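Full structure from sequences and hints, please.
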Amino acid sequence: MSAFLLQDYHHDEHENDHNHHDHNLRAAYVHVLADALTSIFAIIALFAGKFLGWVWMDAAMGFISAAVIAKWSYGLVRHTGLILLDGAIDKQTKLAVVNAIEEDADNRVTDLHIWYVGQHHLVATISLVTHYPQTSEYYKSLLKDIPSLAHVSVEVNHCDGEPCLDIHRT
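Under the working numbering, the sequence shown has 49 at position 49, and the numbering climbs by one with no breaks.
Just so you know, the hints here were simulated from the structure itself, not pulled from any lab data.
As the structure is a computational prediction, the values presented were derived from the model and not from experiment.
Positions of the beta carbon are idealized from the N, C-alpha and C atoms, including for glycine.
In silico SDA-like cross-links for lysine to any residue, where the CA-CA straight-line distance does not exceed 25 Å:
(1) 94 with 133
(2) 71 with 25
(3) 144 with 123
Restraint ranges, calculated between C-beta atoms of paired labels, are given here:
(4) 70 with 111: 30 to 38 Å
(5) 104 with 79: 34 to 42 Å
(6) 76 with 157: 33 to 41 Å
(7) 46 with 91: 48 to 56 Å
(8) 53 with 1: 33 to 41 Å
(9) 60 with 94: 45 to 53 Å
(10) 103 with 66: 48 to 56 Å
Encoded structure:
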């Protein structure tokens with residue numbers, strides 16, 4: 001029943017833009033299919049063992065199940081790897097975040113991570129250094145025009161010594 005409910009999503013996914021899949025739903029669909037398939041293989045192996053005396057069938061179905069799960073898992077990891085490694089965000093979005101922060105006062109972004117948590121929802125963690133520290137909320141307000149930022153964490157560090165304009169950009 002679960003595979004049937006997720007099947008509509010799985011087919012819709014192939015018709016839409018491939019860059020914005022909900023990988024959690026895809027993983028759930030693959031997991032449910034793998035569970036169902038291995039259960040069917042186990043039942044076949046039990047019947048073959050009982051009625052045909054093929055006791056080796058249990059081990060064979062175990063290997064087949066493992067191969068199917070490995071293939072599906074590899075495909076899922078291949079499609080989600082960039083997301084897990086912060087590599088799926090385009091440079092324009094990163095540049096927009098850096099510019100919005102650095103165009104204000106002498107702020108310099110020293111560390112930035114942005115990743116997808118949903119189809120159109122991004123999370124950002126930003127570390128910055130400045131001579132004129134403001135609250136985290138202030139820096140979040142500088143990012144209000146960037147679409148899809150659903151959650152932003154900002155770490156503000158006071159710049160001691162030379163102007164922060166000389167700090168190497170990251």
